[in-house]
Each structure stands twice: as structure tokens, then as C-alpha cells.
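Protein sequences appear in the order of chains A and B.
In terms of my numbering, the first sequence is residues 1 to 468.
In terms of my numbering, the second sequence is residues 1001 to 1524.
Warning: the hint list may mix true and false statements.
[Said to hold, decoys possible] Here are some chain A residues the structure puts well away from chain B; computed CB gaps all over 12 Å:
| hint | residue |
| --- | --- |
| 1 | LYS216 |
| 2 | LEU293 |
| 3 | MET462 |
[Said to hold, decoys possible] Below, a list of computed lysine-lysine pairs in the DSS-like style, where the Cα atoms sit at most 30 Å apart:
| hint | chain 1 | residue 1 | chain 2 | residue 2 |
| --- | --- | --- | --- | --- |
| 4 | A | LYS34 | B | LYS1110 |
| 5 | B | LYS1129 | B | LYS1388 |
| 6 | B | LYS1423 | A | LYS355 |
| 7 | A | LYS355 | B | LYS1415 |
| 8 | A | LYS187 | B | LYS1110 |
| 9 | A | LYS8 | B | LYS1122 |
| 10 | A | LYS355 | B | LYS1110 |
| 11 | B | LYS1123 | A | LYS8 |
| 12 | A | LYS34 | B | LYS1428 |
| 13 | B | LYS1423 | A | LYS9 |
| 14 | A | LYS449 | B | LYS1030 |
| 15 | B | LYS1110 | A | LYS9 |
| 16 | B | LYS1423 | A | LYS34 |
| 17 | A | LYS8 | B | LYS1423 |
What the hints contain is simulated information worked out from the structure, not anything from laboratory work.
Since the structure is predicted, the reported quantities are computational estimates derived from the model, not experimental observations.
The beta-carbon is built from N, C-alpha and C at its ideal position, and this holds for glycine as well.
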Amino acid sequence: MTDTVAIKKVKVISGKHSALAGWYTAAMAAYALKDTEIAVFHVASDEEPVFSHGSLALQADVLLALQNLGLTESALVNHARAMPFLANKYMGWQGKKHVAFAGLAKTGVPLGGVNFVHYLARLRNETNNLNWRAELFSLNTICALVGTFAMPSGDPRSILSSLEYGLRVDAKLLCNLLKQVALELGKGSELHADAFDTEDQFSGRETITLDCRVSKEPTCKMLLDTFLIETSGLKESVPRVNNLSNEYECTDDGYVERQYVSGRQYVRKFFSRRFTKENKSLSGPFNECSEILLAPNTHDVWQHSLNTIYLFETGVHQLLDNGGLGYRTQQLNTLWPLLSGVNSSTLAANFFNRKSAERYRYWYDLALLPVFLCDRKDSEFWQLKAKLIEAEDLEYAISFYQRTGVFPQLEHYPADLGLIENTLLAFDKYPNASDPLSLAVEIGDLERKLTMLKQQIEQTAMQLPQFK
Amino acid sequence: MFKAPEHQLKNIVILGGGTAGWMTAAALSKLLSPEFFSITLVESDAIGTVGVGEATLPHLRFFNQRLGIDESEFIKATNATIKAGIEFSNWGNIGDTYIHPFGDYGKPIKNVAFHHYFFARKKYNNQLKLDDYSLPVVACKNSKFNFPTSDPGLLTSSYSYAYHIDAGLYAQYLRTFSEQKGTTRIEGKVNSVSLRKSDGSISGLKLDDGTIVNGDFFVDCSGFKGRLIEQSLKAGYEDWSHWLPCDRAIAVQSEHNGRPLPYTKAIARDAGWQWQIPLKHRMGNGYVYASQYINEENALKTLLANLPGNQTSEPNYLKFVTGKRKSSWLKNCVAIGLSSGFLEPLESTSIYLIQAAIMKLVELLPQRENMAVKSTEYNRYFSNEMDKIRDFLILHYHATSREDTPFWTLCKHLKIPPSLEEKMELYKEIGVIEDYQYGLFLTPSWLAVYNGQGVIPSYSDIRVNETTLAHADTYMLTLFTDIQQAVARMPTNEQIVSRLHDNITCNVKLQLNQAAQFSLYGRK
Chain A
1 MTDTVAIKKV KVISGKHSAL AGWYTAAMAA YALKDTEIAV FHVASDEEPV
51 FSHGSLALQA DVLLALQNLG LTESALVNHA RAMPFLANKY MGWQGKKHVA
101 FAGLAKTGVP LGGVNFVHYL ARLRNETNNL NWRAELFSLN TICALVGTFA
151 MPSGDPRSIL SSLEYGLRVD AKLLCNLLKQ VALELGKGSE LHADAFDTED
201 QFSGRETITL DCRVSKEPTC KMLLDTFLIE TSGLKESVPR VNNLSNEYEC
251 TDDGYVERQY VSGRQYVRKF FSRRFTKENK SLSGPFNECS EILLAPNTHD
301 VWQHSLNTIY LFETGVHQLL DNGGLGYRTQ QLNTLWPLLS GVNSSTLAAN
351 FFNRKSAERY RYWYDLALLP VFLCDRKDSE FWQLKAKLIE AEDLEYAISF
401 YQRTGVFPQL EHYPADLGLI ENTLLAFDKY PNASDPLSLA VEIGDLERKL
451 TMLKQQIEQT AMQLPQFK
Chain B
1001 MFKAPEHQLK NIVILGGGTA GWMTAAALSK LLSPEFFSIT LVESDAIGTV
1051 GVGEATLPHL RFFNQRLGID ESEFIKATNA TIKAGIEFSN WGNIGDTYIH
1101 PFGDYGKPIK NVAFHHYFFA RKKYNNQLKL DDYSLPVVAC KNSKFNFPTS
1151 DPGLLTSSYS YAYHIDAGLY AQYLRTFSEQ KGTTRIEGKV NSVSLRKSDG
1201 SISGLKLDDG TIVNGDFFVD CSGFKGRLIE QSLKAGYEDW SHWLPCDRAI
1251 AVQSEHNGRP LPYTKAIARD AGWQWQIPLK HRMGNGYVYA SQYINEENAL
1301 KTLLANLPGN QTSEPNYLKF VTGKRKSSWL KNCVAIGLSS GFLEPLESTS
1351 IYLIQAAIMK LVELLPQREN MAVKSTEYNR YFSNEMDKIR DFLILHYHAT
1401 SREDTPFWTL CKHLKIPPSL EEKMELYKEI GVIEDYQYGL FLTPSWLAVY
1451 NGQGVIPSYS DIRVNETTLA HADTYMLTLF TDIQQAVARM PTNEQIVSRL
1501 HDNITCNVKL QLNQAAQFSL YGRK
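Required output: the full structure, derived from the provided sequences and hints.
Structure below.
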């Protein structure tokens, strides 16, 4: 171990394409270090920022972090046009007519300690009736379908306790809120790139740099390399029933994502320039449209010799509907306790780099999940996809799930894989075998129980107020 | 009446009737429908059992609850006493003593782990003791105990508890339980094992009297030798004795020395360590040692010279090789208990590993067509459990200042696994303890051993400063006082044990059968 030098400054750098990442990082740093003498500065690009997301679909992990920053749900509703969502809607992935919902909450209820999906799989297998679909047993999906909503109940006896929601927020407005938080807490002022280049006050071992710009050295190829982002005008009408779900529509050369925040629709189309040469634009009256290249992919890296931690804004962040803020939150929460190792040995950096790589594999898998699951082979893009996509852990997890109905325990995957499971089921990847413990219920009895549960969920969803 | 699908395995055969065998039989006979599964256990009275794990971990409560076993009945049937931690003596240095509790030390303050503040303050006040900020540690030191409460907001919910049990009585209890649930017990010794020519899987066991016991799936609980998994299926063994050099144990029973303590004792000796486990009616004792450094005769002398009461049983001699089976599940056979590997009972993990294996087997109970994928996942899971516990056990030996005997000199200078090396260095440098999702021992346990054995971080978290320390001081003072007061209100452990066993009427309330968690610390 070498001698240590007290850290006095944290410098966050962002570029034209990483303003949100930069301000989120700066705000999180300012909050984490607010009781210290360490000043947090954000060196932002002079150029007008380009946002890779019009809106972000945020779940509990990020919402909790924002709440710590003082950005409560009501602040997000009032200042970032936040509105809830309950499910993802997939269209055309398993054939032209394929439409299915994957809810945020776990589907069904366990019976006798056995996961619900085992009973469902058993019923499907033994009755040969494929109309028993998972989405019928989720209040999330049924509410998303009929457009009703209520706040979840904390009482575990209430069916409303099975509801989970996330919030979609306008990315640019959230960025503004984060900027306010960072400037209020950061004890430092916002600097711009030009100013920084001539400043030498930040160099040296007293400063830690958190560089949030896009990565330059790709470690793996992305199948999709480009996307268009289009934003509707404020007063464009938005289809009502889609208000509570995010849409993912499969196309011949990639897919389209549609999200809705209050009064606006954001559309992103992902494709590969290898197959799509012509200029693309989406139909409909959009006010803004821009084409963005997906950044190369690599996990975060702590470069010990430079006191620099690269929290890259990569293609995976661009693909993820939460803007990669879930990964970033995990990374930053890991980072703060390690900062006392900045000027000592390489231990903290090595540890951070190992965790970064492990976690990144999960987020990469999650970002590409629908593409990975798609069975289409009717276009050049989808034919090539099978050869190009690399997702070893995901492949193992899905294969194991389909053969057993159980997810393997992977240390870098979250313990609750409810949304992944729901997505698999939305893509008709039901388990082929069910838990032998599920045999304790006779098949006729099981059919009755599941019918009752389905009806109860339907009735509850219909009785809830329409979301406005 | 409806039939199980054809691909379903029906006949499950368990070989061995020790703790592992009867725990497996009890779980399977309780959780699997008898209409579709038959459970048969083959054991021989002529073969003794090792009777592992008189000291248990809190997870056993979860296991018993899953089986619907009444806690009071279990305690009486196994002569159990309460266990709230383990006391380690002479490990970091001769004369040192610390307790590894089933509970946490303080709470994070301003998002920084409690121990950073503690060590920052201790630099200037050497009288501060981490133990004072753990309710179960203070309770253990005062021989006090009470059942934890369930309200997570209360200090009295911040710990868990386990038991000291007579493992032989537990096996007997579970035998009755299993047979009532339909398990068939066959008395006999295995003469030979038949393998299927098609895939090399086990088709049946031939017993000495000629009886053939056929099965679809076999659970090997035959102990160290691994009659099925090793002798028949040749699974192979990964030897860890270069990291954990103890390879022998001598166990004896003794009279009780008086008041029952709510913790197990692990006392380091010249060439290993001695356990003392207080049951209701007797003490369990043993010496785990490295035969390279002490012979059997001297080991026995050491053990007998340090018994807490008069010896009441003949010594039981055990030889073992620390390590794990390369595959615990191979073809249609899963090894549970000592046949799956051996880790010395320093942290009372034997019964935990049995129970974890059973629960994973129940979760992954195979059908014919997914046997191979399930075995792969099971082996990955179990191997991970073993590796992580192994690292934690090595820590006890390696984090020492002792060089007073060749054994301890070896331990101090041992080349440890890279996974442990990274973990220890990170803590020593900046006080960070990496938690994992899947593994038994988490931050409180590592902190207990680090601190108890004199491993102190060089630097605190950068967020620890005079401002945040001022908050921490207030919190620490409050916590210290609250713990003292809570312990003062607790009954003695002796009162609890009497109340549990003797049905005496007194003011001590027993809050038994509370919902248990699969956790060491009373929380997820």
C-alpha cells in the first residue's frame, strides 16, 4: 500500500450523448458525499445534449435512489411528467399476430409453497389447452389491458398487494431535476468542457474522475447498431389502452419501442445499418426525430493509475428502457465505500472491475432479452441474429427454466426474476416440466382453482378506476 | 385417484439412516405426495452413525417449520438447548475470546456501514468493544436469552437463534416422523449395487440377506465412504486438506458443568481446536486436530484434560479428508451429508449443509427427462455453498497472530484461496466486506471473526468524518444503552432451558413456533 492522499474533489465528466448519465452520477455523488468536505463538479459538454431516451421506464431500484435524492414520486409527476406503467406489451415477436403482456409483478400466487408457473405448466401440458396463459393470472397485465389502475395495497391479504408499478418519466425533464439536485448538494459549480481543459486545479491525486462518456473500445459487437428516436407533440392523442404498458413491436430489421408519458409518445426504432440502408422515419406526426448510433459496449472500468473511473454510457444503456440507470445505481452504490482505496493499492479498483463485469453481463442480457427470445427467421436480420447474439448466462438460465420451471441461482442476476419470467411466458417459453410437488393437487381441482383466480383478477381489474 | 405422469420418478431410495438420511426421509415423505412417490430408507443397525452436528444454525428452525414440526416437541425430543452464537477462544492470539453471534452489529449510519464508525472511534478509545453493539453477544456473555420479537423496528428482532441438540435423538425423532408419513425402513447392509448397462445409473441395491431394493432415484447418506456416489459411481473428490489441515477428530460425552450456556465453545488448541456443546442432559465434546502435528494419544489426553465435567462415554475416533465430492449429484444419485464432502464443524455447518442439500433437491426434484440438467445446476449450487463456507473456515485459521506451535505457524503462513485473499485484503485495506446473494456467511459473520481475531481495516470509508461521527456517537451511545437494558430484562438461559424442558410455571414466556427465515441473522 502506498501513502494516501485525502480526496478533495470528485469530477464527473459527461459528453453530448451522456448528459443524463452525467447528471445522475453527479447527483448521486453529491448526495453520497454530502456530509464530507469533498466537492462534486460536473464537467458537461458545451454542445446541446442528445438524449438516447425520450422517456425512461423506472422501477423500484432507481425510484428508491431518486427518492433518496429528494426526487419523490410526486416530484417526478409534477416536474418530469411521470406516469405509472404496469407491463410490457410485445407484438409480432412470435409471428405477425403475436400479442402478449409481461407484467412487472410476479404472476399468480404460489400454492403449497410451489411456484405458480408449475401449476400453470402442468395444466397446459395435461389438458393440451394452450389458452391457459400466464398473463390471465396477473393483475398487472389485466389492468394494463383494460386501462385501470390503483395504488397497490400493503395488506398481503388484498389482491391489490399483487400489483406493482413503475414510473415512466420524461428523460430531459428528469435530467433537469438531477442537475438541480447536483448543484444544490454538490458544493461545486457546473463547469463546461472548455473551461475544464484549461483548468489544472482538478489534476492530481486529490481528485477522482467519474467519466460518464461513451466507451470507445468495444468489447463485444452489438447486433443492433442504430436507432431513431421520435417524439410526438405535447397535444398529440395517445391511445388510451396503451397508457399503462410499454410497447415492443418486432419488425423485419429490429424492433420499435413505444413509451408514453403524460401527453407525449416517444418512439425508438432499433435496427442494423447492415440491413437497412435507406433513411428511416416512423409514421405519425412527430415533432422531433433523430438518428443515433449505438455506442460500443463495455462494462465500467476503474483505471487506477489515472484516478479515473469510467462509468461508460454504452449501447446497453441506450437499449435498456431505464436508460441504464439500474446498472449505474448498483455501480455507484458499490463505488462510494471503495473510494478510500483510490490512492492506495489496486485492490479496490480490481474489485470494482470484477463486480462491473459481472453485473454488466446481467444488464446486457436483460437489454437483449426480447431479441434473444424471438424465434423469427423470416428476414436477413433475424436469420443472422441467431449467429451473432452472445448471451451465455441467459441461454443457460432460459434453457434451465424451460426444462424445469426453475431459474438457476446466478450470483450476478437479481434474486427476483419475475419480470424475466413473465417475458419468457409472454414469448410462450413455458416450462416443459412442472415441479413434482405440484402433483399434490388433482387436475380437475387445479382447473377450478385457476379458473376462480382468473375470474377474481378480471373482476378486480374491471372494478378499479380507469387511469387518467 | 389420478396417476402421476409416466416420466415421473416414483421410487426414491435413501441409503443410510443417520442425521442426513432421516432428515432426507422426513422432508421427502412430508413434501411429496405418497400417492405418487414411495420413500424407502435402507440402514443397518450394525453400522454406527457419526451423529454430526450437535450444534446447529438458525436455518434448522426453517426446516422444522417446513415439515410442520412443533418447536416445543422438537426441543424436548432432542434434549435441545438454545444457541445464540459460538464463542471462539485462543484463535487470534492465546487469551483472546470473541463470540460469533446470530445477529448484526449496529446499523448503517448515513449509508455507511456501522463498523467504519466503530473503528474510527476505537483509534482514539481503545476501550471500545464491538461486542457491546450486538444484542446476542451481550446476552451470551451474560448467559441470558429471550426469543426474538418479530417487529423489524425493534432491537429485539435483530438476532436469531439455533439449538444444541442430540443429533442421535433428532434422527430417532425424524425416523418416527418419516415412518408415520409412509417411509419404509429396511434393515440391512448393502452387499452390492446394480448399475444399468444403458447409462450407468443405479438400478438397485442388493442387501446382505439377498433382498433387492430397486429404485428410480437414490440418495446416498452413507457417510464418508460414499457407498453409492463414490464406490459405485466414482464421482471423485476434491481434497482441501492443504487449506484446512485438520484430519482427525475425537468425540466424547461428559457430564454437564453446571449452568447451560447459550452458545457453543470452540477453543483453539496446539494442533487444532476443541468443541464444547451444552445439551440439556450432558456436554458434547471433541478435539479436531491435524495428525501431522499431534498423535492420537496426545490428542486424547488434551481432550480429556479439558473436559468441562466427568467423561461419560468412550471416545469416538473419526478420520476425514476435508473437501467436497466433485459431483454431489451424478446420474440418478445425489449425495447428502458426509458422503457429499466434509467441512469441520467449526461453524456448525454440517446439519445446515444437509438441510440446504435437501431443500435444493426438493426444489429440483427430477423427472426422467431433466435429470442431467438438474444435476448440473444442483452441483453448481452445492459447490458454491461449500466453497464459500470453506473460505470462511480458512479465515479462522489464517487470521491469527499465533506462531507458538508448528500447526499455528503453518496456518498463519498458509497460501489461501484467491477468493479469500481478495476478500481479506479488501477488508484489511479499506474495511469493505463483499456480501453475496447466495452463500451462508455474510457481513456480520465476517466482521465478527475479523474483529475477534484482530484484523482491523487501515482506512475508514471516506464519508466518516467529525460531522458524521457526531451522529454515530449519539447512535452508538443509544444502542449501547438499549442493548444493556434489553439484556437486563432477559431471563437467564438456565431459566429458558428449564421452562422448555420441565414445564415449570414461572414468569418466563416462551415465544415458540414464530415464523423462521432461511437466514443466519433473523433477517433476509
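Structure-based check of all given hints:
1. LYS216: Fine: 29 Å to the nearest Cβ keeps LYS216 (chain A) off the interface.
2. LEU293: 35 Å, holds
3. MET462: About 34 Å separates MET462 (chain A) from the closest Cβ of chain B, which puts it past 12 Å; holds.
4. A:LYS34 to B:LYS1110: 10 Å, holds
5. B:LYS1129 to B:LYS1388: 28 Å, holds
6. B:LYS1423 to A:LYS355: The hint holds at about 13 Å.
7. A:LYS355 to B:LYS1415: Since the Cα atoms of LYS355 (chain A) and LYS1415 (chain B) sit roughly 24 Å apart, the hinted pair holds (cutoff 30 Å).
8. A:LYS187 to B:LYS1110: Answer holds: LYS187 (chain A) to LYS1110 (chain B) is near 18 Å, not above 30 Å.
9. A:LYS8 to B:LYS1122: 25 Å, holds
10. A:LYS355 to B:LYS1110: This hinted pair holds, its Cα atoms lying about 23 Å apart.
11. B:LYS1123 to A:LYS8: 23 Å, holds
12. A:LYS34 to B:LYS1428: Holds, because 26 Å separates the two Cα atoms, which is no more than 30 Å.
13. B:LYS1423 to A:LYS9: 28 Å, holds
14. A:LYS449 to B:LYS1030: 23 Å, holds
15. B:LYS1110 to A:LYS9: Holds. LYS1110 (chain B) to LYS9 (chain A) sits at ~20 Å (cutoff 30 Å).
16. B:LYS1423 to A:LYS34: Holds, at about 28 Å.
17. A:LYS8 to B:LYS1423: The hint holds at about 27 Å.
In this structure, every one of the numbered hints holds.
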